[in-house]
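S.K.: Residue numbers (the numbering used here), protein chains in the order written: chain A, 1 to 249; chain B, 1 to 242; chain C, 1 to 230.
Everything hinted at is true.
Not the full set, but computed from the structure, chain C residues with beta-carbon under 8 Å of chain A:
#1 MET68
#2 TYR83
#3 SER173
#4 TYR176
#5 LEU197
#6 VAL198
#7 TYR201
#8 LEU202
#9 ALA205
#10 TYR208
Please keep in mind that the hints were generated in silico from the structure rather than gathered at the bench.
Note that the Cβ used here is the ideal one computed from N, Cα and C, for glycine as well.
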Amino acid sequence: MSYNWNWGIFFQLSPDGTHTYLQLLLFGTGWTLATSLLAWAIALSVGAVVGVIRTSPLPWLVRFGNAYVELFRNIPLLVQMFLWYFVLPELMPQAIGDWLKQATNASFYNAVICLGLYTSARVAEQVKAGILSLRSGQRMAGLAIGLTLPQTYRYILLPMAFRIILPPLSSEFLNIIKNSSVALTIGLIELTAAARSMSEFSFQVFEAFTAATLIYIVINIIVVNGMRWLEGRVAVPGFISMGKPAAAH
Amino acid sequence: MITITNVSKWYGKVQVLNNCSANVAKGEVVVVCGPSGSGKSTLIKCVNGLEPFEQGIITVDGISVGDPDTNLPKLRARIGMVFQHFELFPHLSVMDNLTLAQVKVLGRDPKSAAEKGMKLLERVGLNAHAAKYPGQLSGGQQQRVAIARALAMDPIAMLFDEPTSALDPEMINEVLDVMIRLAKDGMTMIVVTHEMGFARKVANRVVFMDRGEIVEDAPTADFFGKPRSERAQLFLSKILQH
Amino acid sequence: MFSNIDWNVIIRSLPYLFLDGMRFTIMLTLMATAGGIVIGTLLALARLSNIPGLSHVAGAYVNLIRSMPLVLVIFWFFFLVPYIGQWLTGASRPIQVGAFLSALVTFTLFEAAYFCEIMRAGIQSIPRGQVQAAQALGMTYWTSMKDIILPQAFRNMLPVLLTQTIILFQDTSLVYVISVTDFLGAASKVAQRDGRLVEMYLFAAIVYFVISLAASYGVRRLQRRIAIIR
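All chains, full assembly: derive it from the sequences and hints.
M.R.: As structure tokens, then:
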């Protein structure tokens with residue numbers, strides 16, 4: 001192979017003069033995590049609301065929720081990022097548009113909102129599936145003892161639905177972390193962007209991308225184990241499945 | 001106490017209840033029986049508004065269930081319901097199952113709610129299981145907790161939707177015993193069930209439904225002694241065989 | 001707000017957008033799907049096999065790919081494929097690989113990891129009795145797989161496979177990061193050349209939306225028809 005390996009490149013100074021390449025990668029990791037966590041907060045809160053209204057008894061609410069999900073699911077994430085970053089400021093009144101374009105960290109905020117809403121549609125799917133997997137009797141039992149419908153959702157349906165969908169939810173969280181890399185196209189210097197930039201300046205392409213790959217793997221392992229711990233923590237004793245009546249033994 | 005007058009209900013084009021009328025006086029125990037698909041579960045769920053109905057009037061203690069102005073949650077808090085599949089809330093302990101509605105709906109303070117819960121658990125013989133979760137209990141135990149949960153709201157009437165149909169045979173009696181004691185203590189009860197032994201012991205009246213209609217509504221002794229309709233006779237002969 | 005919009009730019013560039021850009025996108029989608037399903041199925045069989053080490057290697061590959069962002073994988077193969085070509089052909093320098101080929105290799109091998117998991121679930125959902133019946137008739141492993149298990153698994157998982165294809169269709173837009181001209185790349189080029197970002201990106205979004213929506217409706221109808229037949 002005509003490629004020169006140099007694993008010491010990480011400890012050499014980058015062109016900016018003050019930071020090593022390793023530090024640049026770690027800064028990128030920081031941006032990746034910050035973007036992912038904030039976007040996840042948006043995705044969970046908005047997604048839970050949309051998921052709930054898709055199971056509500058009001059047909060127009062259900063249709064709105066369905067339209068919301070279809071909108072965010074059928075447009076590629078990259079296109080959505082461009083719409084938020086390039087198109088939205090142009091559609092706003094001149095003053096607001098200019099302010100948006102000149103804001104510091106504009107790419108960060110755009111990435112967070114875009115990623116958050118994109119993922120919220122997928123979270124909504126999971127929440128709806130989780131609620132619908134519960135026996136209809138649970139909703140009736142909640143109403144029968146006098147809880148209102150919102151109370152029934154809050155105290156009975158949602159606690160169980162979230163426990164049921166923890167595994168697919170943790171997949172969605174991992175997806176957000178991976179999808180944050182798309183934001184490099186709008187200028188966010190997250191981990192993949194940092195690796196790309198390192199490879200361009202140092203020509204040590206494979207070292208840079210190997211490091212990025214390893215960091216993503218480590219993040220993956222931490223999240224997967226964290227989710228497993230969480231699942232154990234909130235598990236309901238004796239719970240097998242809500243689909244069938246509890247075993248008579 | 002509970003009046004059902006000319007109630008009809010459709011699911012889309014299919015009529016599931018056809019002009020049903022019945023009355024339940026205070027302290028009466030009424031058993032509703034009939035072949036599956038006869039609409040008995042649907043009818044009982046109309047009484048506390050869990051199922052809407054298109055025609056007719058249902059009143060509970062003078063309040064009209066079908067009236068859009070009625071505060072349904074408040075009304076439902078005064079009626080207790082026990083389901084075929086128990087429907088305990090699996091993520092809450094037994095005690096929390098009993099106190100949740102007391103605190104959130106009736107506004108009782110948690111301490112007195114817990115005391116009441118404990119007393120009811122003793123009444124159904126399950127005070128040792130207060131900290132357990134529904135998934136750790138047998139079916140019969142879960143159903144008894146479900147009855148206690150409904151009683152915790154101090155209801156004026158109790159509705160039972162096939163309370164023993166999902167239980168293994170050896171557990172049916174422990175639940176029926178609780179229901180019999182409840183009846184003897186004077187609770188107004190509507191019970192959808194196939195357990196004719198229970199009916200003979202405590203029911204004042206038996207209502208027989210078939211294909212969405214109330215075919216017969218007679219005092220217990222008359223129903224078992226001389227059922228007037230042929231359909232009721234046929235049903236009884238099938239059910240009393242085993 | 002809408003006073004400055006020039007819809008003509010869209011109409012003028014339609015041939016370029018669709019004949020060049022969309023053609024690339026669709027060809028990449030179809031070929032990567034075909035290749036991905038074949039390789040994915042082989043990976044699934046590897047993961048389920050008893051040959052020592054094979055299932056671990058296959059599993060490691062799948063888990064590695066699935067923990068990496070697609071953008072990173074695109075960069076990896078963009079730089080790696082020329083070296084692989086050099087190694088395979090024994091040339092003295094890394095081989096210049098065209099953009100399409102690089103993208104094709106990337107997406108095929110990336111999606112293979114995801115198709116692998118889908119096919120693995122499909123194969124495992126076939127009742128053991130089917131395998132035993134095939135063996136009782138004297139079929140070898142490969143024959144029973146080829147004629148009995150895989151056809152059923154494939155039919156069962158068809159809706160999921162098609163949904164993954166729709167996801168692939170949307171994912172191809174990421175070739176943007178290596179400056180390849182797919183549909184989005186074409187729209188972007190026109191947008192930057194004519195200064196018409198709003199019109200072009202909105203149009204691109206609408207086109208992707210319509211195609212994806214129509215495709216997923218098609219999959220849902222197919223699901224209903226399969227359910228009835230079963």
